[in-house]
Amino acid sequence: MRKKLLFFKSLCVFLILICGAGAAFAQTTVTGKVMDANGEPVPGITVTVKGTKTATPTNTDGSYSIKTASGARALVFSGVGFITQEVSIGTGINYDVVLTASAGDLNEVVVIGYGSARKKDLIGATTTVSSKDFQKGAIATPEQLILGKVAGVSIVNNGGAPGAGSTIRIRGGSSLAASNDPLIIIDGVQLSGGGIAGSPNALSLINPNDIETFTVLKDAAATAIYGSRATNGVIIITTKKGKSGSPKINFNTNASVGSIARKIDVLSADQFRDFVTANGTPQQIALLGTATTDWQDEIYQRALGTDNNISVSGTLNGKVKLPYRVSVGYFAQEGTLKTSDLKRFSGAVNLSPSFFNEHLKVDLNLRGSNSQSRFADEGAIGAAVNFDPTKPVRTGFNRYGGYWEWLDPNATNGLRGLSPNNPVSSLMARNNTSNVDRSIGNVVLDYKFHFLPELRVNVNTGYDLAKGTGDVVVNDSFKTSYRRGFDELGRLKGGERNFYKQRIENTYFETYLNYTKSLKSIQSVIDLTGGYGYYNNLTINNSYANYFFDGSKQINSDPPFTVDSPQNRLISYYGQLQYRFKEKYLFNGMVRTDGSSRLNPDNRWLTYYSAGFAWRISQENFLKNSGTISDLKLRVSYGITGQQDGIGNYSYLANYGISNQTAQYQLGNQFFNMYRPIAYNPTLTWEQTATSNIGLDFGFFNNRITGSIDAYLKETKDLLNDVNQSAGTNFAPIILSNVGNMENKGIEFTMNTQIVRTKDWTVDFGYNVTYNRNRITKLTFSEDPNYEGQRFGGRSGGTGGSILINSVGYNRGAFYVYKQVYDAAGKPIDNLFEDLNRDGVINDRDKYRYKSANADVFLGFNGNVGYKNWNFGFIARAVLGNYAYNNVASGTGATRNILNPLGFLSNGSTNVLESGFKGDGDRYFDSDYYVQNASFFRMDNINIGYDFGKVFKDKASMRFNFNVQNAFVITKYNGADPEVNGGIDNNFYPRPRTFIAGLNLDF
Amino acid sequence: MTSKICYKTYKINCMKLRLFKITILILSLGLIVGSCSKKLDLAPINDVTSEVVYATPLGYKQSLAKIYGTMALTGNAGGSGQADVFFPGSDEGQNSDFFRTFWKAQELTTDEAVIAWGDPGVPDFHNMSWSPSNLFLHGVYYKALYQITLVNEFLRQSTDDKLAQRSITGASADEIRKYRPEVRFLRAFQYWVLMDLFGNPPFVTEESLIGGANPPQIQRADLFKYVVKELTEIESLMPAAKSNEYGRADQAAVWSLLARVYLNAGVYTSGAENKFTDAATFAKRVIDAGYGLVPNYQHLMRADNNIANNEFIWTINYDGARTQGFGGTTFLVHASIGGNMNAADFGVDNGWGGLRTTSAFVNKFSDPSGNSDKRAQFFTNGQTLEIQSIPTFSNGFGITKFRNLTKTGGAGSNLTFVDIDMPVFRLPEMYLTYAEAILRGGVGDINLARTYINNLRQRSYGNASGNVTVIDITLGFILDERSRELYWEGHRRTDLVRFDRFVESTYLWPWKGGVASGTAVSAHRKIFPIPSADINANRNLIQNPQY
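For the record, the sequence lines run as chains Y and L. The first sequence begins at 18 in the working numbering and counts up one residue at a time. The second sequence begins at 311 in the working numbering and counts up one residue at a time.
Just chain Y, same shape as in the assembly (with noise of 0.2 angstroms):
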């Protein structure tokens, strides 16, 4: 082919070498090859002269050959799932044109519920983002591909340690206590909820780069068909298939530097001694050292990382078509926190075969992982904000690593009580690795029958296991573990050599009915289906006994129970009908019935059920020609989810548990373990939650703008909530209840455009805008005016404290703080707070709900430029109305914390200068001083790529991009970050601004 192909450019140049000007008079040959943005060949793309009629489609590899008259002066590429093209010709015959896939195309099939579904024919509320419009950079984890991406959905990655898991958020979530977290499905497989031990996070155990698409699920319409656990909404990723033709071969890799991008801002050396000076008594003055030591400077590092991968896909042509994907990859990144990193090395293979006449339609879906991390004790990242700045890092002694750290001769270990590590040396002390193994695979069987093809039999069946196993060794000389305890010997020990293993084993068996059937006549189509699901989540925890740096057993450390399997299942049956009219008027209407183990059996089932209409306005006559109006759609609908995620595998069962072997108690001669009643609750049952949902799905001119707007309302009732328990009623006084209900409402936004596009020049840029709101509106079983509310969200700074409270008539996690008095100038008043009940004393009645950690609004932003080969992009998000508790300076910023009885000194937030707050008591914790807007405008990521075409003698196309993920911040918030999930800022592993380089081939 590639023959031919150069055989005929030759030919071309040849003519147009001979021919010379009368060339211009002749017919002419224009040639070229269509590709998409990731450079893959497009077949079935239309090429016609502009002005006649003559066209020719392009070939499986793209190429396309074209006669031109004279005087032609553009070609015009047009495909489905395409923008159309317009190309001017001048003298030249070849043209290569990369085409852009259309956002807008309706005729996208999109993965949905059991099954899958054209664009123009979806009824819920659903958005899909596809691999073209991915975040780039050097991306860990596969929920960051879609950052900024979705209205409705927040990301919020949960710091910056190398593989850290993110909060997701579709319109708010909608529980307390349990889960807010959506259901997340692979290829089919429904990943549960949990991590597994010795992973920062189980969706970093999957390779970015397999993924193809990710599909947001947010009404009920679209998710009620998962029934229990897609109250949250659902994110449906699909991975990349075969695709059909001769074996394709894409290499990337990419490089990256990340650093912290901003520090604590702590007290300098100077100015801690300035302080301590001016404030200490004569022994703590006495305390102070003469270095100058920035402790965030020693514990942070430049972090390197590189992403490696390599797929080959293509179809076997035997007797069985076999289209294929086979995939590796390797990833490895530093932390910026010293000692920690993480390698995750990734195979994936996907085959999907077709037999009897395409009548039998297999899916094998296999992957892989391997990752190795190291975790650092993120404890240092406090200490180094406590850390006395006026003391080095080393002591030039051997003691304690030859790490300083502050003394006391009187102790048996020569060490001050309670005084905070060397940050340094808590690092290094620790060796915390872990290897986790995981695999997701499962095979996905649809047979349309032969006697009946209207109907189909679909069952899916796979595993997703997982294996952490890790070790911690502490060395016995550093201050951490010095001489911490009894070896069974009674020899006195020191340092850690612990391991740790968990298992998980996940499996599921989906199968389902369908019928589809095209009714002419009344210009109907009917399409049913009746499914049952089977789901067994099953962990196995390792337990041992806790040993010594030099390999002797601690005493009394032997678990009372060397394994512990807990499991849950979840058992569906559901049934769908979904009716079309005329392609215009679409219904939809489901049902279904979920038990779970974790509920008591008068109390375990619950059925489901919802309701969609949709109507494609831009189908009826008097739209059907508008050159301005090119889709409008306008859906409506209400369904009820529910959700068991959060209740304990065995929480209704009155259970007992024994203690282990240092929580003994003894009675005469002789210890006993002790039996405890562990607190229960047989009346616990489903959350549910209702979703009105109202949208219109709009595309102007052609569909080169196109977008939606929905608005919603989603109301929880039964709310799985942490409720106090009165005193003597339970063995415990806090347990999980369905008690409460809440409601979000809130209207998405999102638009994409086309603003150009021309020969040399594209641009695009798409936007989305939510606003969401939460209120809780019932806390109780009754209704109670004088119920504050159920308090958590503990804070540091001295022991103990709650910041946050939920509060009926109020957002979820409202700061619960004491409103702090200003003087005339503006500077907070030492432990002076309003007396808001004017009873004459402030306590605890005097607090009140200021603000919450939940946003009001969620913008998304996302551009891109193109000129001939140059591309440049960036995404950016803005987060309005979220407040934090900094709490760094709540619980260092005070002279309490500098200048401490105990014997040694600690630094504290620049926060001291500004408050004064000399730390006496306990209320000015609790100030709402401390609550601060965190609202921000992140530039999250700004690429530049440069496509080089051909190279290597034409036998591959390369590109070359670059990238600054978290470029910069805009905030008025005083602490490191704003971007604090659950709004308590405290020890926050900083997320790292990350330079990368990349390059992609395609052979």
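Don't take each hint at face value.
Distance condition first, Cα-Cα at most 25 angstroms in a straight line; then the derived SDA-like pairs of lysine to any residue [stated by the list, open to error]:
no.	chain 1	residue 1	chain 2	residue 2
1	Y	K570	L	T726
2	Y	K570	L	G720
3	Y	K67	Y	G507
4	L	K349	Y	S582
5	L	K349	Y	F526
6	Y	K50	Y	G644
7	L	K717	Y	R721
Simulated DEER-style distance windows between Cβ atoms [what the hints assert, rightly or not]:
no.	chain 1	residue 1	chain 2	residue 2	range
8	Y	R790	L	G576	55 to 65 angstroms
9	Y	S569	L	G720	19 to 29 angstroms
10	L	I852	Y	E851	24 to 34 angstroms
11	L	A353	Y	Q636	49 to 59 angstroms
12	Y	L305	L	K684	49 to 59 angstroms
13	Y	S276	L	T718	33 to 43 angstroms
14	L	G720	Y	F414	27 to 37 angstroms
15	L	A353	Y	N415	34 to 44 angstroms
16	L	K684	Y	P577	40 to 50 angstroms
17	L	G680	Y	D840	42 to 52 angstroms
18	L	L547	Y	T524	54 to 64 angstroms
Don't read these hints as lab results, they were simulated from the structure. Nothing here was measured: the structure is a model prediction, and the numbers come from that model. The beta carbon of each residue, even a glycine, is placed where N, CA and C say it ideally should be.
We have chain Y; now place chain L onto it with these hints.
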């Protein structure tokens, strides 16, 4: 292929065949699917049901161990990790150990102790400014009610019917029946704690079911009656004094609690009840049961104080190797060490630099050096007598009463967790109760009381030089003598309240009420507020006045 032919040739038969095939298909799917519902019945492999726990006498004993053990441990894991009672934002060791939180409420509020730490709620004790959300008060309240809940469950599980059902008969069944009055004693003890500290707690018995309705609130005077009635009822059912296993309660423990409750009856009933004769009677019953003083006062709070000890009536047992927690005596030893004190002298790895005492307490001793009265165990090197600033450890004398070393100076079994057992009742309290009851009008022999007191003083002085006469024995002397003898054992607040010296201006100590020279505070602080968490959860509860 066949179906195609069939389609053309035998259309009608074929339709039937199709229907048949579909029916078979649906039926077989139904079979796969229908047999699954039973699969939802799962049980844990390690946690066990009550039927398994109570199938054997050992299981009952291990449940009994939990009821006792929850006083010494914060949960089912040594150190921390599986707390019995936990609140968001709290610290298991600090906030949910029974004795540590009880101790803070009883001692930090008085002249006997100050603590350097600024942990939320801690300074409020000495400042007398605690609030209903104080996490230490939450700790002692919930821990007391937790233990009561455990007792109630045990009583439900150990009825004769249940024993018969589980085929436990004969000697085993008799042994388990003996546990019942014992756990009722523990319940009565915790109701005493709640009555003394909080006044009007919720009231639950074995009749109150788990997950049941909100319990009613009981008034302090009614609770007094209940505690007395319970103790009187179980008295004859308990093992004879000194006949039970170490760590378990016997008749003498019941008498001791009765003596304590009767002595404070006026406080609990707002003066309605005068029970001093009863207080003297029960104190004497304990004294006559054969107890005797440990020869050396300074050996009382040592790692091996469970051995050769005829003085302790009932103890909370700690063990550095097997009963580990950050409360109890582990707290008392570590928190007392700071300044120039040498942690090794106390048998632990380090000090937490917290606890000292006020000059008001030091001055209870005419000679604080410890050379005459050996009970004066102060650490003065580098310490000032007066306190300028509570957070400064060097302000105020340290106290060296608790040492994790054996009487011969040997090491305890662990450097972090100490072995010292904590006496809840010991003989001297009964001596002093007997004397005070008589002084307050109870029937008894004052000369005998003098003998008892001189027993204590001879032990502390090593000779008769500290002996007192009947004339010396005034109520004021008793209050001071109780302090000298029982300091830091969790009695002081109760004593000061009974002597009307807790909130009043009649007795001021340094930093009482948050003022350097001491100040009177509002009388409502004689009892603590009911924790806000329970006020919120249980609508039957009315908060104590002025909180």
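The hints, checked one at a time:
{"no.": "1", "hint": "K570(Y) / T726(L)", "verdict": "holds, 17 angstroms"}
{"no.": "2", "hint": "K570(Y) / G720(L)", "verdict": "holds, 23 angstroms"}
{"no.": "3", "hint": "K67(Y) / G507(Y)", "verdict": "violated, 92 angstroms"}
{"no.": "4", "hint": "K349(L) / S582(Y)", "verdict": "holds, 16 angstroms"}
{"no.": "5", "hint": "K349(L) / F526(Y)", "verdict": "holds, 14 angstroms"}
{"no.": "6", "hint": "K50(Y) / G644(Y)", "verdict": "violated, 30 angstroms"}
{"no.": "7", "hint": "K717(L) / R721(Y)", "verdict": "violated, 89 angstroms"}
{"no.": "8", "hint": "R790(Y) / G576(L): 55 to 65 angstroms", "verdict": "holds, 58 angstroms"}
{"no.": "9", "hint": "S569(Y) / G720(L): 19 to 29 angstroms", "verdict": "holds, 22 angstroms"}
{"no.": "10", "hint": "I852(L) / E851(Y): 24 to 34 angstroms", "verdict": "holds, 27 angstroms"}
{"no.": "11", "hint": "A353(L) / Q636(Y): 49 to 59 angstroms", "verdict": "holds, 56 angstroms"}
{"no.": "12", "hint": "L305(Y) / K684(L): 49 to 59 angstroms", "verdict": "violated, 41 angstroms"}
{"no.": "13", "hint": "S276(Y) / T718(L): 33 to 43 angstroms", "verdict": "violated, 59 angstroms"}
{"no.": "14", "hint": "G720(L) / F414(Y): 27 to 37 angstroms", "verdict": "holds, 32 angstroms"}
{"no.": "15", "hint": "A353(L) / N415(Y): 34 to 44 angstroms", "verdict": "violated, 54 angstroms"}
{"no.": "16", "hint": "K684(L) / P577(Y): 40 to 50 angstroms", "verdict": "holds, 44 angstroms"}
{"no.": "17", "hint": "G680(L) / D840(Y): 42 to 52 angstroms", "verdict": "holds, 51 angstroms"}
{"no.": "18", "hint": "L547(L) / T524(Y): 54 to 64 angstroms", "verdict": "holds, 56 angstroms"}
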